[in-house]
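Participant: Following our numbering, the numbering of the sequence shown begins with 17 at its first residue and continues without gaps.
Think of the hints as simulated: they come from the structure by calculation, not from any bench.
Hints should not be assumed to be uniformly reliable.
[Said to hold, decoys possible] The calculated lysine-lysine pairs, modelled on PhoX-like cross-linking and capped at a C-alpha distance of 20 Å, are:
1) 73 <-> 43
2) 43 <-> 162
3) 87 <-> 162
[Claimed, not checked] Taking CB as the label site, the calculated pair distances span:
4) 152 <-> 185: 21 to 29 Å
5) 138 <-> 202: 18 to 26 Å
6) 243 <-> 168: 19 to 27 Å
7) 135 <-> 245: 31 to 39 Å
8) 61 <-> 100: 19 to 27 Å
9) 100 <-> 39: 17 to 25 Å
Note that this is a predicted model, so its numbers are computed, not measured.
Where is the CB? At the ideal position from N, CA and C, for every residue including glycine.
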Amino acid sequence: MSGHSKWATTKHKKAAIDAKRGKLFAKLVKNIEVAARMGGGDPEGNPTLYDAIQKAKKNSVPLDNIERARKRGSGEEAGGAEWQTVMYEGYAPGGVALLVECLTDNKNRAASDVRTAITRNGGSMGDAGSVSYLFSRKGVVLVPKKGTNEDDVTMAVLDAGAENVNDLGESYEVVSEPSDVVPVRTALQEAGIEYDSAETPFLPSAEVSLDEQTARKVVRVIDALEDADDVQYVYSNADFPDEVVEAVG
Numbered sequence: 017m018s019g020h021s022k023w024a025t026t027k028h029k030k031a032a033i034d035a036k037r038g039k040l041f042a043k044l045v046k047n048i049e050v051a052a053r054m055g056g057g058d059p060e061g062n063p064t065l066y067d068a069i070q071k072a073k074k075n076s077v078p079l080d081n082i083e084r085a086r087k088r089g090s091g092e093e094a095g096g097a098e099w100q101t102v103m104y105e106g107y108a109p110g111g112v113a114l115l116v117e118c119l120t121d122n123k124n125r126a127a128s129d130v131r132t133a134i135t136r137n138g139g140s141m142g143d144a145g146s147v148s149y150l151f152s153r154k155g156v157v158l159v160p161k162k163g164t165n166e167d168d169v170t171m172a173v174l175d176a177g178a179e180n181v182n183d184l185g186e187s188y189e190v191v192s193e194p195s196d197v198v199p200v201r202t203a204l205q206e207a208g209i210e211y212d213s214a215e216t217p218f219l220p221s222a223e224v225s226l227d228e229q230t231a232r233k234v235v236r237v238i239d240a241l242e243d244a245d246d247v248q249y250v251y252s253n254a255d256f257p258d259e260v261v262e263a264v265g
């Protein structure tokens with residue numbers, strides 16, 4: 017089981033009880049607004065919007081907030097911001113590569129917040145291209161184990177473009193090319209299999225093994241980054257020891 021997978025599962029579980037739920041809600045609502053602006057306000061005709069709404073619902077974002085974000089993004093309601101996606105690269109302790117994806121209406125603020133979070137916690141910023149080559153954009157659909165098994169999931173997604181089905185302990189992770197994430201989750205739906213999330217994150221091509229002390233330092237950097245309002249996702253190539261994952265979870 018890879019460090020990415022262990023950490024992804026832990027963060028997924030943690031989100032439901034996160035004390036910073038307000039920040040999580042804000043990030044999820046922002047995703048809905050941007051998806052509606054990019055592809056239109058109809059979830060049935062906009063798979064990215066559909067998945068953004070599903071994720072917000074899974075994390076208990078109030079339906080009114082979801083609908084207002086959809087309307088702002090589609091132009092049905094005034095007040096939408098001009099969000100831009102910006103990527104920043106850097107290093108955490110132990111030489112761990114960091115790829116930070118921001119959604120912001122103020123690039124200077126986003127850059128400053130990212131730099132502060134990284135450098136104040138023992139890391140350093142990197143130039144554009146310094147670590148991004150270590151990651152690839154992939155489609156990832158998480159399927160809860162309850163009510164299904166690995167064979168059922170594999171059979172459902174086999175012809176939909178799935179590359180791997182990984183056992184994460186409490187869920188299955190279906191990995192595909194980004195363009196196949198919609199066919200994969202559609203195949204699961206048609207097979208009557210529920211999924212928790214369908215996204216296109218950056219996954220590392222290889223991971224850096226860490227001792228417990230260094231891993232905790234990396235967790236501090238990631239937590240500080242995720243605290244920043246403009247940061248949507250933080251990707252790393254850290255292989256976190258089980259002790260650290262269990263402590264966080």
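Participant: Confirm or reject the claim that residue 135 and residue 245 have a C-beta distance inside 31 to 39 Å.
Facilitator: violated, 18 Å
Participant: Take a quick look at whether residue 43 and residue 162 sit within 20 Å of each other, Cα to Cα.
Facilitator: With a Cα-Cα distance of about 28 Å, the restraint between residue 43 and residue 162 is violated, given a limit of 20 Å.
Participant: Can you confirm whether the C-alpha distance between residue 87 and residue 162 stays at or below 20 Å?
Facilitator: violated, 34 Å
Participant: Using the Cβ atoms, figure out if residue 152 sits within 21 to 29 Å of residue 185.
Facilitator: holds, 24 Å
Participant: Does the Cβ-Cβ separation between residue 61 and residue 100 fall within 19 to 27 Å?
Facilitator: holds, 24 Å
Participant: Take the C-alpha atoms of residue 73 and residue 43, compute the straight-line distance between them, and say whether it is at most 20 Å.
Facilitator: Distance ~13 Å between residue 73 and residue 43 Cα, so the pair holds.
Participant: Using the C-beta atoms of residue 138 and residue 202, is the stated range 18 to 26 Å upheld?
Facilitator: violated, 43 Å
Participant: Range hint 19 to 27 Å: satisfied by the CB atoms of residue 243 and residue 168?
Facilitator: Violated: the Cβ-Cβ distance is about 38 Å, outside 19 to 27 Å.
Participant: For the pair residue 100 and residue 39, does the Cβ-Cβ distance stay inside 17 to 25 Å?
Facilitator: Since the Cβ atoms of residue 100 and residue 39 sit about 19 Å apart, the hinted range of 17 to 25 Å holds.
In summary, the numbered hints that this structure violates are 2, 3, 5, 6, 7.
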